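Asker: Take the sequence shown: its letters are residues 154 to 283, numbered as in the working numbering.
Beta-carbon label-pair distances, calculated as ranges:
1) 237 - 186: 23 to 29 Å
2) 204 - 225: 28 to 34 Å
3) 218 - 278: 30 to 36 Å
4) 278 - 231: 18 to 24 Å
5) 186 - 211: 24 to 30 Å
With a Cα cut of at most 16 Å, we get these calculated EDC-like pairs of lysine to aspartate or glutamate:
6) 200 - 214
7) 271 - 249
8) 280 - 270
9) 280 - 263
For the record, the hints were derived by calculation from the structure and aren't laboratory data. Computed from a predicted model, the values in this text were never measured in an experiment. Ideal Cβ placement from N, Cα and C applies to all residues, glycine included.
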Amino acid sequence: MILLDTHIWVWWVHGDERLTSTQSKIIQGNEDDVIGVSAISCWEIAKLVELGRLEVPTPLEKWFEQALSYPGIRIIELTPEISTESTRLPGEFHRDPADQIIVATARILDCTLVTSDKRILNYPHVKTVG
154 MILLDTHIWV WWVHGDERLT STQSKIIQGN EDDVIGVSAI SCWEIAKLVE LGRLEVPTPL
214 EKWFEQALSY PGIRIIELTP EISTESTRLP GEFHRDPADQ IIVATARILD CTLVTSDKRI
274 LNYPHVKTVG
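Kindly generate the complete structure, drawing on both the sequences and the hints.
Answerer: So, in structure tokens, the structure goes:
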């Protein structure tokens, strides 16, 4: 199982060229397994669309329906354990609550987080692929 950071999920769905070949390979290599997406990523995408910082080609409900039907994709619920972990991340981590939840999810599930976020890639307490 891998976990996709919000932007990686969007880039994958949109065929964005910012998705690296390494990221593409790890996603494709997990299509028969589980490609996790944190529930907070759905909220984050909805907020970005609301604020005009992300455009999707269809109404948001339709976009989610299509994006969640990709091979291997599974929404990872926000559990009390993940919520608690997000407030107790070891070392120094930035204050973005969505990132805290995504990192905590990867830590609790002991899986690799696929991201291009330098702040997460530089955080030594979570397995990442950039």
